[in-house]
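Undergrad: Heads up: the sequence lines are chains A and B, in that order.
If you're matching positions, the first sequence starts at 1 in my numbering and goes up one per residue.
If you're matching positions, the second sequence starts at 478 in my numbering and goes up one per residue.
What the hints contain is simulated information worked out from the structure, not anything from laboratory work.
Keep in mind the model is a prediction, meaning the values are calculated, not measured.
Glycine included, every Cβ here is placed at the ideal spot set by N, Cα and C.
Listed below are the simulated SDA-like cross-link pairs for lysine to any residue, each with C-alpha atoms no more than 20 Å apart in a straight line: (1) 469(A) <-> 501(B); (2) 59(A) <-> 47(A); (3) 53(A) <-> 64(A); (4) 463(A) <-> 502(B); (5) 75(A) <-> 188(A); (6) 112(A) <-> 144(A); (7) 463(A) <-> 503(B); (8) 463(A) <-> 504(B); (9) 463(A) <-> 542(B); (10) 463(A) <-> 544(B); (11) 463(A) <-> 501(B); (12) 89(A) <-> 222(A); (13) 405(A) <-> 270(A); (14) 532(B) <-> 380(A); (15) 469(A) <-> 504(B); (16) 38(A) <-> 526(B); (17) 469(A) <-> 502(B); (18) 532(B) <-> 245(A); (19) 532(B) <-> 246(A); (20) 463(A) <-> 495(B); (21) 463(A) <-> 518(B); (22) 469(A) <-> 498(B); (23) 179(A) <-> 193(A); (24) 273(A) <-> 389(A); (25) 38(A) <-> 60(A); (26) 463(A) <-> 498(B); (27) 469(A) <-> 503(B); (28) 463(A) <-> 506(B); (29) 273(A) <-> 409(A).
One side of the interface only, derived from the structure: several residues of chain B facing chain A at Cβ under 7 Å: (30) 489; (31) 490; (32) 497; (33) 498.
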Amino acid sequence: MPNHNSEIARIRREIYTAIADMAYRGSLSAEIDDFPDKFISLQTMRYRCCEHKEKAIIKERLRVALGLTVYEVGKHTTLSEMAKIALSKPLKSSKCALEMLSVACDRCPFEKYIITDACRNCVAHHCCVVCPKDAITIVHNRAYIDRNRCVECGLCERNCPFRAIIQVTRPCEQACAAKAITRDQHNAAVIDCEVCVNCAACIPACPFGSITAYTQIAQVITRLKQTSGPIHALVAPSFVGQFGPRGTPGALRSALLALGFTAVHEVAKDAHKVVTEEAHELRERIAAGDTFMASSCCPSFRAMIKTQYPELAGSVSSAPSPMALQAALIRQEDPQATIVFIGPCIAKKTEAANSAFVDAVLTFEELGCIFVATNINVAAFENNGALDQADALSRGFAKAGGVSKAISCALGDGHNVTMRVANGLEEARDLLKQAVAGKLDAQFLEGMACVGGCIAGPGTLIKPNVAEKLLERYCQS
Amino acid sequence: MKSLTLEFCVGTACHMKGTPDIIAAVEALPPEIRSNILLRLTHCLGNCGAGPNVKFDGILHSRVTVDSLSNLLKRYFQQE
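Construct the complete structure from the given sequences, taking the supplied hints into account.
TA: Below is the structure:
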């Protein structure tokens with residue numbers, strides 16, 4: 001779950017706002033070189049060994065916020081040169097959404113068991129006795145674990161009466177359900193892009209803020225400033241309440257139009273077509289003897305099946321995600337349209353990269369920073385109705401269980417299809433393992449990478465429990 | 478016990494800097510204190526660069542945190 005009020009979120013938002021501000025005033029390449037100096041001297045240096053490291057980290061954060069990978073820039077590329085590269089790129093998401101900033105990674109200890117000062121060098125030495133590999137000896141009046149022998153079984157931790165042996169796991173590795181985080185030769189954490197499903201659970205998990213997501217803030221603002229051609233905003237159903245109690249659906253619509261979007265759509269508008277297609281497919285698959293079908297709307301869940309359970313790839317519904325469908329419909333009507341998806345999700349950035357219709361993805365957090373930079377106050381706009389037209393079941397996609405509920409309704413009363421919701425990737429992994437073994441007790445599996453569904457996504461601005469209540473109210477209105 | 482009017486800015490700039498957390502902190506106060514607080518929401522208090530802004534008993538406070546607000550509340554309700 002994202003922590004909206006951490007120091008890391010504050011720094012991230014200040015950087016996004018600064019990028020948006022400079023891009024909006026058209027002075028990105030003129031001013032960005034001075035930004036690290038300004039940012040670090042304004043606030044006293046607090047976190048790292050010296051201000052040079054702080055500045056180096058800020059420079060890396062700016063690069064990623066500009067949407068540039070480490071391969072697109074050289075070692076000595078200045079920020080102003082980066083800004084030029086970023087703005088000259090076509091409006092397109094990158095294939096991998098996350099980057100582990102090696103300079104920001106604190107290289108936390110990775111030995112799983114550590115002996116602490118609480119060790120009293122007792123007489124019984126339970127740790128030495130229980131160790132099956134004889135890896136523990138006494139050195140300098142204290143137990144010592146020989147790393148070459150230790151198999152990380154944990155018996156010593158459980159048997160020390162002083163609890164002097166503790167288990168440590170790197171927070172990023174612990175948060176990663178896909179097990180995509182490994183170590184390089186200098187012990188810095190690295191993300192294996194082939195395994196990563198871009199769920200972004202590692203972003204709030206890392207207390208040093210070393211994982212960041214590429215953004216298209218500067219590119220979208222530059223496009224918004226060109227008045228040539230229509231630019232459509234596609235808003236995910238989890239938007240409800242994200243911009244505060246006065247940031248009502250009608251006010252958000254007006255704010256997006258004020259920002260320069262020519263049209264605002266709810267992704268949920270035509271999601272009922274996805275539901276009908278998915279329900280139809282499910283019925284056909286069951287009739288054809290398939291044991292189960294998995295939902296297709298969550299890109300991280302889909303990626304997890306593709307990379308880790310390839311034998312189940314055929315079981316994923318062929319229905320497009322509501323975002324993909326809505327974008328295709330808009331493009332059909334208006335071939336010149338630029339389409340920007342606005343949602344809570346970071347994995348959608350990779351889905352958009354593979355889509356022919358979605359040009360850019362912004363999270364609610366990124367959009368909020370753009371509003372701040374452009375002095376657009378969502379709360380100041382009048383609440384004039386809904387964002388767009390959509391039915392309650394489609395809007396309910398934003399909550400875990402919502403897809404199953406919509407499919408269940410589409411199947412009609414008295415259907416006997418069993419459904420399960422994988423609420424979060426950890427649960428998804430367990431259920432997919434059961435599916436591989438043929439032991440899954442459900443014919444439809446809804447997968448949600450974030451625990452609670454999209455309303456708990458990494459790009460949100462309010463707590464999921466608050467968002468859930470507001471979403472329910474909006475669905476009933 | 479005396480009553481208190483709190484005016485919270487829910488404009489986008491303050492919202493992004495943490496208004497939701499301080500509103501939640503007020504809502505979570507014990508009922509005997511919460512019942513004496515009149516909570517108002519406004520869309521701007523005119524100091525957007527230094528959010529979150531709160532008008533506490535008519536006086537504007539900027540860069541309010543959950544801790545600083547709870548200190549203000551403690552002082553206010555102990556005065557009587």
